[in-house]
Amino acid sequence: MADGEIHENDVVEEQTKDKEQFISVPEPRALHPLKQKWTYWYLNDDRQASWEDRLKPVCTFSTVEEFWALYNNIRPPSGLNCLCDYNVFKYGIQPMWEVPENLKGGRWLITVS
56 MADGEIHEND VVEEQTKDKE QFISVPEPRA LHPLKQKWTY WYLNDDRQAS WEDRLKPVCT
116 FSTVEEFWAL YNNIRPPSGL NCLCDYNVFK YGIQPMWEVP ENLKGGRWLI TVS
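The C-terminal residue of the sequence shown carries number 168 in our numbering, and the numbering is unbroken.
It should be emphasised that the hints constitute simulated quantities derived from the structure, not laboratory data. Keep in mind that the hints are not guaranteed to be accurate.
Said to hold, decoys possible - Taking lysine to aspartate or glutamate and the DMTMM-like style, the derived pairs with C-alpha atoms no more than 25 Å apart in a straight line are:
1. Lys92 / Glu153
2. Lys159 / Asp140
3. Lys145 / Asp100
4. Lys90 / Glu156
5. Lys92 / Asp108
6. Lys90 / Glu120
7. Lys159 / Asp108
8. Lys90 / Glu121
9. Lys92 / Glu121
10. Lys92 / Asp140
11. Lys159 / Glu107
12. Lys111 / Asp100
13. Lys92 / Glu156
14. Lys145 / Glu107
Stated by the list, open to error - Cβ-Cβ distance ranges computed for the label pairs, FRET-style:
15. Glu107 / Ala85: 32 to 40 Å
16. Ile148 / Thr118: 15 to 23 Å
17. Gly134 / Pro155: 27 to 35 Å
18. Arg84 / Met151: 30 to 38 Å
As the structure is a prediction and not an experimental result, all values here were calculated from the model. C-beta: ideal position from N, C-alpha, C; glycine also.
Can you build the whole structure from these sequences, using the hints too?
Dropping the structure here:
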């Protein structure tokens with residue numbers, strides 16, 4: 056490498072009157088888009104409230120990276136109280152039987168012991 060030549064991922068050192076500054080040249084990050092947007096829902100265990108009042112959207116994501124950012128920063132399913140649920144549905148569709156898109160739907164239950 057010739058003197059003064061800067062390449063990708065090099066750390067550039069600049070002298071100023073008062074102090075040194077280091078500038079990091081970041082690599083561009085590629086996102087991995089999903090075909091659909093998805094919403095992650097949480098159903099709490101308050102049996103005194105209606106189903107709709109217990110159901111809260113947590114986050115909507117449209118890339119693999121957004122999903123993992125969400126998943127890595129929420130309580131794991133094994134840490135939920137009994138009768139609490141997480142649901143993942145296409146954006147705009149609530150996790151309710153009454154929604155037309157869900158009339159012929161089903162449910163997967165994963166038991167954690």
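To see whether the hints hold, each was checked on the structure:
1. Lys92 / Glu153: 21 Å, holds
2. Lys159 / Asp140: 20 Å, holds
3. Lys145 / Asp100: Distance ~23 Å between Lys145 and Asp100 Cα, so the pair holds.
4. Lys90 / Glu156: 18 Å, holds
5. Lys92 / Asp108: Roughly 23 Å separates the two Cα atoms, so the pair holds.
6. Lys90 / Glu120: 14 Å, holds
7. Lys159 / Asp108: Roughly 24 Å separates the two Cα atoms, so the pair holds.
8. Lys90 / Glu121: Since the Cα atoms of Lys90 and Glu121 sit roughly 14 Å apart, the hinted pair holds (cutoff 25 Å).
9. Lys92 / Glu121: 11 Å, holds
10. Lys92 / Asp140: 20 Å, holds
11. Lys159 / Glu107: 20 Å, holds
12. Lys111 / Asp100: 12 Å, holds
13. Lys92 / Glu156: 15 Å, holds
14. Lys145 / Glu107: Answer holds: Lys145 to Glu107 is near 17 Å, not above 25 Å.
15. Glu107 / Ala85: 32 to 40 Å: Between Glu107 and Ala85, where Cβ atoms are some 39 Å apart, the hint holds.
16. Ile148 / Thr118: 15 to 23 Å: Since the Cβ atoms of Ile148 and Thr118 sit about 19 Å apart, the hinted range of 15 to 23 Å holds.
17. Gly134 / Pro155: 27 to 35 Å: 34 Å, holds
18. Arg84 / Met151: 30 to 38 Å: Distance hint for Arg84, Met151 holds at roughly 36 Å.
Violated hints for the displayed structure: none, as all numbered hints are satisfied.
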